[in-house]
Amino acid sequence: MPDMTKSQSGGTAVDTAVDAVAPPTAVDTAAPGAASQGKPRSLWGDAWFELRHRPLFWVSAVLLVLLLAVAAFPGMFTSADPRNGDLTNHFLTKPELTHFFQADWFGYDGQGRSIYARVIYGTRASIMVGVGVTAVVTLFGGLLGMAAGYFGGWIDSIISRIVDIFFGLPFLLGSMVVLNAFTERKVYVVIAALAFLGWTTIARVMRSSVITAKQADYVTAARALGAGTGRILFRHVLPNALAPTIVVATISLGAYISAEATLSFLGLGLADPTISWGIDISDAKDAIRDNPHVMLFPAGMLSLTVFAFITLGDAVRDALDPKLR
Amino acid sequence: MGRYVARRLLQMIPVFIGTTLLIFLMVHVLPGDPIRAMWGEKAADPAQVASLRHEFGLDQSLPKQYLDYMVDLFQGNFGKTFGGRPVSEEMSMAFPVTLRLAAVALTIEIIVGIGLGAWAGLRAGRAADTGVLIFTLIVISMPVFVLGYLARFIFADELGWLPPNVQDSMNLQQLLLPGFVLAMLSMAYVARLTRTTFAENLRADYMRTALAKGLPRRRIVGVHLLRNSLIPVVTFLGTDVGALVGGAVVTEGIFNVQGVGNLLFKALGQREGTTIVGVVTIFVLVILLINLLVDLLYAVLDPRIRYA
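Residue numbers (full-length UniProt numbering), protein chains in the order written: chain A, 1 to 325; chain B, 1 to 308.
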């Protein structure tokens, strides 16, 4: 019979990634692939070994470093002002694809603003939302899932029911309703709304891997040696239950960025004066027939960012999943 | 079987009540006054505001409001919009449209997704496999609205193969493009999932047995491999309904489909609390029932699974 708690409610695409990750039970034993080197490697050392040999990991890693640099120091990549529109000279000017890193590289939008500058300055909001939501969700969902999985009993019942209830609400739909109530939608408001509805996936993943990890012999051994609950939880259970959570967190980071852009596109996410690719794509939708470049560049940059995170998550999952070796 | 279904239905009740309470609270507790918003920037007459509040029951305490709503709901009454139309009437216009769109999307998702995944899984590690992997990665990376405008631009505006807007939801040809866009993301996930399970099950013992028995390849792949690989895919399709619903809001907006997504989006703009709660309630119910259906499907796919 299928697991009741898992099959009971709807989920996001992220869930499927979870199923592929087996909870790492035998962590300190050497994987077969590591036999060539005499010394046994830990799960993490093994995963790093796997990662280094994947070209897609390096593609996404380079992309991510670049994107983080752009998000941190947008001024280093363009000298143009993303908010300064010049309608008389630049209204919907076509891109000059040979003018690398110039203000007119990607052309100008319907308000005479440099699309290149807007694409560069829009990176920060997307990355902040993605990283912010993932951080909140991993911390909050992770702790709740850990408590539910480790203590069991009524604590588990209460937390699991709350998770079920939140899980029943479609993620994008729920965040639309929450964000609709706020008129001033800054980055932190969007982070809070997405995290409010997104924490359940991590909680479920963490709960099931903690349940597996707490039954291991080393936990019994630690308890026999007199270790307290806190020590067992954070020194023994958590490190051995973390892998699936990390995989889900990395993959969902891309999904959160995508969700933010979708919400901003609908006018329910970030709002001016915050620069967001979603808003720019929404602004471009009426101009697309004659000036596809207005949409092409922010949409391309958005897709590239999501691609980088999803690919990273993919590579991490493959590296941490012993079944695929 | 009957007892299992009954137990599952009973278990649904607390989740259903909890989720509707959550959505109800989200609509009503969060800042923003829908009645006051009707006047926009203009000054509102306090007496009028008060009488409207009373008419829609917004002057009651929240628990009372929720209780009244639930009692009405179980009698099939979804309340009425601020414009005075019954919400159930609006929904009965919109739901069939979205249902048709979702059916088109689901069909594309299943046929193309499983087909692509099976193709890649049978050629694991070869060029076709890598090609499908990269294709699915690109599709997953593109948010629905980017995909939607891209598809509309290419297939409707430039090539002119399909109409850009849906005027008549009964017309399958008009629903093809939005259905395709709505299906794309899930299709990519279905393809990847099918690929993984196919590649995994290829090494299973029963496959070797089937081969050793001398069964034709078509039967090995089409019956033995496919049936054993479908369980995770069916699970995914069940859990994916929620994502489909969120995607429908965007897709219906882009292609001007007069479905539930559009209804919900308009209701959000006008802060139509009753419509929002009504639509989401129906969605929650549909998702819960589909998940039950998926669990029952397991037994069909895998005779080892029995429900006592």
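Hints were generated in silico from the structure; no laboratory data involved. Quantities reported herein were computed from a predicted structural model and do not represent experimental measurements. We put the CB at the ideal spot given by N, CA and C, even for glycine. Heads up, some of the hints might be wrong.
Calculated pairs, DMTMM-like style, for lysine to aspartate or glutamate (alpha carbon to alpha carbon, straight line, at most 20 angstroms) [unchecked claim]:
1. Lys94/A <-> Glu158/B
2. Lys266/B <-> Asp318/A
3. Lys285/A <-> Glu158/B
4. Lys80/B <-> Asp68/B
Negatives, chain A to chain B, calculated, CB over 12 angstroms [said to hold, decoys possible]:
5. Pro40
6. Ser303
7. Asp314
Computed footprint of chain B on chain A, listed as stretches where at least three residues anywhere in the stretch have a Cβ under 8 angstroms from a Cβ of chain B [to be verified]:
8. 42-49
9. 250-261
10. 265-273
11. 291-302
12. 305-311
Taking the hints in turn, this is what the structure says about them:
1. Lys94/A <-> Glu158/B: Roughly 19 angstroms between the alpha carbons, so the hint for Lys94/A and Glu158/B holds.
2. Lys266/B <-> Asp318/A: Between Lys266/B and Asp318/A the Cα gap is close to 42 angstroms, so the pair fails against 20 angstroms, i.e. violated.
3. Lys285/A <-> Glu158/B: With a Cα-Cα distance of about 15 angstroms, the restraint between Lys285/A and Glu158/B holds, given a limit of 20 angstroms.
4. Lys80/B <-> Asp68/B: holds, 13 angstroms
5. Pro40: Nearest chain B Cβ is 26 angstroms from Pro40/A, so the label holds.
6. Ser303: violated, 5 angstroms
7. Asp314: violated, 7 angstroms
8. 42-49: violated (count 0)
9. 250-261: Answer holds; 3 residues pass the 8 angstroms Cβ test.
10. 265-273: It holds: at least three residues are needed, and the segment 265-273 of chain A offers 3 whose Cβ sits within less than 8 angstroms of chain B.
11. 291-302: Check passed, 4 qualifying residues.
12. 305-311: holds (count 4)
In summary, the structure is inconsistent with hints 2, 6, 7 and 8 from the numbered list given earlier, while agreeing with the others.
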